[in-house]
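Number of protein chains: 2
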Amino acid sequence: MIRIASRFLALPSRQISMTEMSEQFKVSKTVISEDMAIIDKAFREEGVGTLKIGRGRSGGAAMKPGFSGNDRSSFLGKVAAVLSSNDRILPGMLIHYSDILFNPAFARPLGYALASDFAGKEPDVVMTSEVKGIPLAIFTAHALGVPMAVCRFRNRPGDGPAVAVHYPSGSGEVRTMFMGTRFLTSGKRALIIDDFMRGGSTAAGMLLVAKEFGAQVIGIGIFIAASEPEKKAVSEYRSLLRLERGPDGTPVVKVRR
Amino acid sequence: MIRIASRFLALPSRQISMTEMSEQFKVSKTVISEDMAIIDKAFREEGVGTLKIGRGRSGGAAMKPGFSGNDRSSFLGKVAAVLSSNDRILPGMLIHYSDILFNPAFARPLGYALASDFAGKEPDVVMTSEVKGIPLAIFTAHALGVPMAVCRFRNRPGDGPAVAVHYPSGSGEVRTMFMGTRFLTSGKRALIIDDFMRGGSTAAGMLLVAKEFGAQVIGIGIFIAASEPEKKAVSEYRSLLRLERGPDGTPVVKVRR
Numbered sequence: 038m039i040r041i042a043s044r045f046l047a048l049p050s051r052q053i054s055m056t057e058m059s060e061q062f063k064v065s066k067t068v069i070s071e072d073m074a075i076i077d078k079a080f081r082e083e084g085v086g087t088l089k090i091g092r093g094r095s096g097g098a099a100m101k102p103g104f105s106g107n108d109r110s111s112f113l114g115k116v117a118a119v120l121s122s123n124d125r126i127l128p129g130m131l132i133h134y135s136d137i138l139f140n141p142a143f144a145r146p147l148g149y150a151l152a153s154d155f156a157g158k159e160p161d162v163v164m165t166s167e168v169k170g171i172p173l174a175i176f177t178a179h180a181l182g183v184p185m186a187v188c189r190f191r192n193r194p195g196d197g198p199a200v201a202v203h204y205p206s207g208s209g210e211v212r213t214m215f216m217g218t219r220f221l222t223s224g225k226r227a228l229i230i231d232d233f234m235r236g237g238s239t240a241a242g243m244l245l246v247a248k249e250f251g252a253q254v255i256g257i258g259i260f261i262a263a264s265e266p267e268k269k270a271v272s273e274y275r276s277l278l279r280l281e282r283g284p285d286g287t288p289v290v291k292v293r294r
Numbered sequence: 038m039i040r041i042a043s044r045f046l047a048l049p050s051r052q053i054s055m056t057e058m059s060e061q062f063k064v065s066k067t068v069i070s071e072d073m074a075i076i077d078k079a080f081r082e083e084g085v086g087t088l089k090i091g092r093g094r095s096g097g098a099a100m101k102p103g104f105s106g107n108d109r110s111s112f113l114g115k116v117a118a119v120l121s122s123n124d125r126i127l128p129g130m131l132i133h134y135s136d137i138l139f140n141p142a143f144a145r146p147l148g149y150a151l152a153s154d155f156a157g158k159e160p161d162v163v164m165t166s167e168v169k170g171i172p173l174a175i176f177t178a179h180a181l182g183v184p185m186a187v188c189r190f191r192n193r194p195g196d197g198p199a200v201a202v203h204y205p206s207g208s209g210e211v212r213t214m215f216m217g218t219r220f221l222t223s224g225k226r227a228l229i230i231d232d233f234m235r236g237g238s239t240a241a242g243m244l245l246v247a248k249e250f251g252a253q254v255i256g257i258g259i260f261i262a263a264s265e266p267e268k269k270a271v272s273e274y275r276s277l278l279r280l281e282r283g284p285d286g287t288p289v290v291k292v293r294r
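Note that the protein sequences, when read in sequence, are chains A and B.
Every letter in the first sequence is one number past the one before it in this note's numbering, and letter 77, counting from 1, is 114.
Every letter in the second sequence is one number past the one before it in this note's numbering, and letter 253, counting from 1, is 290.
Quick caveat, the hints were computed from the structure, so don't treat them as lab data.
Errors might be hidden in some of the hints.
One copy or two, either will do: identical chains are not told apart, so a pair holds if it fits within one copy or between any two.
In the DSSO-like style, the derived pairs of lysine-lysine whose C-alpha atoms are separated by at most 30 Å in a straight line are [to be verified]:
(1) K89 with K101
(2) K78 with K101
(3) K78 with K269
(4) K291 with K101
A quick note: this is a predicted structure, and the numbers were derived from the prediction, not measured.
Whenever a hint applies, use it, and build me the whole structure from the sequences.
Right, dumping it as structure tokens:
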């Protein structure tokens with residue numbers, strides 16, 4: 038049973054066939070079904086997700102990762118407190134957060150939190166832009182059981198053929214993004230994940246990339262969104278945290294309500 | 038027991054206290070110890086790793102992720118076969134592999150393979166360089182239970198203070214790398230992980246970065262190393278795969294022996 042549980046945890050959101058498990062472990066499907074119920078209960082109690090059991094004889098099961106409730110708010114509260122420390126303030130209403138995203142102990146639960154926010158919309162690819170969004174996006178993609186597609190700001194011979202898309206940056210100049218032709222195809226349901234949003238121009242650029250490939254963007258999930266400017270270049274997004282101006286004018290990070 | 042197993046799997050290489058578990062689940066430490074033995078057996082059978090149980094009364098246990106034997110060779114063989122496909126050949130003895138590294142279904146086991154190669158040397162940070170090395174390095178770091186430090190090729194205001202290091206590129210020009218001052222400190226045991234090595238100049242640059250911080254490099258692990266040039270800018274490294282010139286002159290990927 039631990040072996041079965043470890044398969045679900047290693048490959049979240051992937052279907053695992055009950056028939057295969059029953060053959061491999063030489064037990065009946067009824068026993069496997071009973072095991073599933075116990076594993077589901079343990080996953081729920083542990084706050085790591087739930088088992089979704091498919092219907093039909095050939096049916097399999099998949100673990101839908103979940104990260105919600107008290108565990109989630111206390112974790113995000115801890116991250117916000119760490120980020121609000123004085124020694125993280127950078128000039129230009131910026132804070133230093135890359136060490137958080139480059140640490141799997143933070144990036145993994147943050148990615149799982151974003152995955153659980155958007156799992157219901159059944160994305161089949163996670164889009165992000167280089168560089169700091171990548172660790173967050175890869176854990177989100179891992180939790181959702183889908184690949185990641187990275188918008189690059191340059192394209193070199195080893196990166197292969199790419200589509201170039203031009204978009205206006207926050208400061209008004211025109212910037213270029215590249216997306217490898219292997220990463221997106223028409224009809225894909227793309228979830229955009231990024232580390233930071235100020236005016237939303239990068240996210241708007243990624244919308245243009247998706248459009249160019251005929252992919253459908255089903256949501257935009259951000260680690261930290263700045264409260265200023267209030268008006269963003271994209272109409273809808275969700276962020277885990279908000280960067281606000283504190284009473285003394287210095288930046289402070291809060292959990293988004 | 039499934040709840041305990043899921044904690045080890047979620048946080049590989051991290052110590053989990055037996056006392057805490059025995060208190061939380063309201064069972065004696067003897068029962069927890071027996072559970073550990075069963076979980077260890079299941080992890081070994083499943084090929085995901087082993088439990089290392091600390092000594093002493095306050096002792097905890099940690100899952101050392103392992104990925105070796107037949108599962109490993111058949112997985113790497115599959116990756117090599119995928120990469121050797123004709124439609125991945127790029128000009129300049131290069132192949133297209135970024136979609137593999139950007140897919141957690143590949144990046145995770147590849148990162149675990151590198152982690153199991155170097156776990157014995159007990160690194161306490163994984164160093165990589167942007168961009169394609171990041172997904173591999175973050176899963177390696179996750180498996181080892183340590184943070185990741187990323188060498189950047191530029192430094193912007195949101196990235197915070199950084200040390201700049203200059204190093205010769207393969208073509209002879211001098212390039213610059215930046216490492217944020219928060220990421221490395223003197224005495225750290227750094228494992229360098231990167232996606233590709235041709236001449237080894239990027240890895241040699243990362244050695245200079247480590248030296249600048251007074252960190253000790255305990256190993257270099259690479260996803261794909263090119264067989265040409267035979268002489269690299271670094272004296273020792275391990276790669277999972279090798280990129281060789283096939284009989285007809287086109288690139289072919291093989292599992293490193």
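Against the earlier hints, flag every one the structure doesn't satisfy and list their numbers going up.
-> 3
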